[in-house]
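Engineer: Protein chains in written order, with my numbering: chain A, 1 to 110; chain B, 1001 to 1115.
Hints listed in this document are in silico derivations from the structure and should not be mistaken for laboratory results. Using N, Cα and C, we set each Cβ at its ideal position, and we do this for glycine too. Misleading hints may appear alongside valid ones.
Said to hold, decoys possible - Dumping the calculated DMTMM-like pairs for lysine to aspartate or glutamate here, alpha-carbon to alpha-carbon at most 25 Å:
id, chain 1, residue 1, chain 2, residue 2
1, A, K42, B, D1038
2, A, K37, B, D1038
3, A, K97, B, E1079
4, A, K42, B, D1073
5, A, K42, B, D1054
6, A, K97, B, D1054
7, A, K37, A, E2
As the list claims (entries may be wrong) - If we take Cβ atoms under 7 Å as the criterion, some of the chain A residues that face chain B in the derived model are:
id, residue
8, R43
9, P44
10, L46
11, R51
12, H96
13, L98
14, F100
15, G101
16, T102
17, G103
18, F109
Below are the chains, spelled out letter by letter.
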Amino acid sequence: GENVEQHPSTLSVQEGDSAVIKCTYSDSASNYFPWYKQELGKRPQLIIDIRSNVGEKKDQRIAVTLNKTAKHFSLHITETQPEDSAVYFCAASISHKLIFGTGTRLQVFP
Amino acid sequence: DAGITQSPRHKVTETGTPVTLRCHQTENHRYMYWYRQDPGHGLRLIHYSYGVKDTDKGEVSDGYSVSRSKTEDFLLTLESATSSQTSVYFCAATAQQQVDRCLAFFGQGTRLTVV
Chain A
1 GENVEQHPST LSVQEGDSAV IKCTYSDSAS NYFPWYKQEL GKRPQLIIDI
51 RSNVGEKKDQ RIAVTLNKTA KHFSLHITET QPEDSAVYFC AASISHKLIF
101 GTGTRLQVFP
Chain B
1001 DAGITQSPRH KVTETGTPVT LRCHQTENHR YMYWYRQDPG HGLRLIHYSY
1051 GVKDTDKGEV SDGYSVSRSK TEDFLLTLES ATSSQTSVYF CAATAQQQVD
1101 RCLAFFGQGT RLTVV
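Here chain B stands alone, though its shape is the one from the complex:
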């Protein structure tokens, strides 16, 4: 699992409330990612980080923000949760094995339900 843990593993929240998901890694990886997984859509990139305080948007970033104040932690915040954000969220981190070869390892996933 390359030392990547997500918390919480499951969460039910109400529409309109803010939610923060945490990704913690112990391998000092530089790059970290947040994806959401939905049937028929595969894994879609929400945001990613290429260093402390360095983040960029992915394919589906609207309604989400991220922060990375330490190398080991990457937080995903749903500013005002909506039912369309019900999904399984995966965090990933990449270990650079060689130039242009970055192996991505995933956390266990967080199942979020917005009611």
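Here chain A stands alone, though its shape is the one from the complex:
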């Protein structure tokens, strides 16, 4: 079945710097790749997603890139702010079966 690997497990950046989180997936049939943000004690919430027929998608300070050949996708956060501090999860979906990575704890220091 599908396996999603996520790196790094923790990431610390200075406010204003960029942050990049990378994921790889194993099943080339996966066709949908969402990213979730989970603040402490709360439920995961969707922040951005990308479909397999798109190479890049942006939403303000957040962007996601997809390399289908290499089975890689990445989350890019620019101009980080303290409120970006949270755990971020990538996921891959095949036939509505949604498999998550192990998460990245992002800390943004003022």
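With chain A's structure known, arrange chain B on it following the hints.
Structural biologist: Only chain B this time, still in chain A's reference frame:
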């Protein structure tokens, strides 16, 4: 929150007892999921459902069963709870926005402790 509620929110139970967690949704979503969240493991899929009475196993299904007799309810049962099943359990449901784009919304989570 896309109308997804979990009950109970917290539960402490003894080893060997059966436990049922309930997920209720009000948006008529077809797909529903149960995940467990543990430090270092992220969100792991236990079981999911693609319609009434249609379910399939996920990554960590041993020791768990599910049932979906109505569109709005998805139940997760721990047949005989063990300490390794102490975890935070999240239910999710997906809303199909476009072909191949299914947005998953999560419930608030249930913290289960098996003593």
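Engineer: Next, verify each hint and record whether it holds.
Structural biologist: Here is how each hint holds up against the structure:
{"no.": "1", "hint": "A:K42 x B:D1038", "in the structure": "holds, 14 Å"}
{"no.": "2", "hint": "A:K37 x B:D1038", "in the structure": "holds, 16 Å"}
{"no.": "3", "hint": "A:K97 x B:E1079", "in the structure": "holds, 24 Å"}
{"no.": "4", "hint": "A:K42 x B:D1073", "in the structure": "holds, 22 Å"}
{"no.": "5", "hint": "A:K42 x B:D1054", "in the structure": "violated, 29 Å"}
{"no.": "6", "hint": "A:K97 x B:D1054", "in the structure": "holds, 13 Å"}
{"no.": "7", "hint": "A:K37 x A:E2", "in the structure": "holds, 21 Å"}
{"no.": "8", "hint": "R43", "in the structure": "holds, 4 Å"}
{"no.": "9", "hint": "P44", "in the structure": "holds, 5 Å"}
{"no.": "10", "hint": "L46", "in the structure": "holds, 6 Å"}
{"no.": "11", "hint": "R51", "in the structure": "holds, 5 Å"}
{"no.": "12", "hint": "H96", "in the structure": "holds, 5 Å"}
{"no.": "13", "hint": "L98", "in the structure": "holds, 6 Å"}
{"no.": "14", "hint": "F100", "in the structure": "holds, 4 Å"}
{"no.": "15", "hint": "G101", "in the structure": "holds, 6 Å"}
{"no.": "16", "hint": "T102", "in the structure": "holds, 4 Å"}
{"no.": "17", "hint": "G103", "in the structure": "holds, 4 Å"}
{"no.": "18", "hint": "F109", "in the structure": "violated, 22 Å"}
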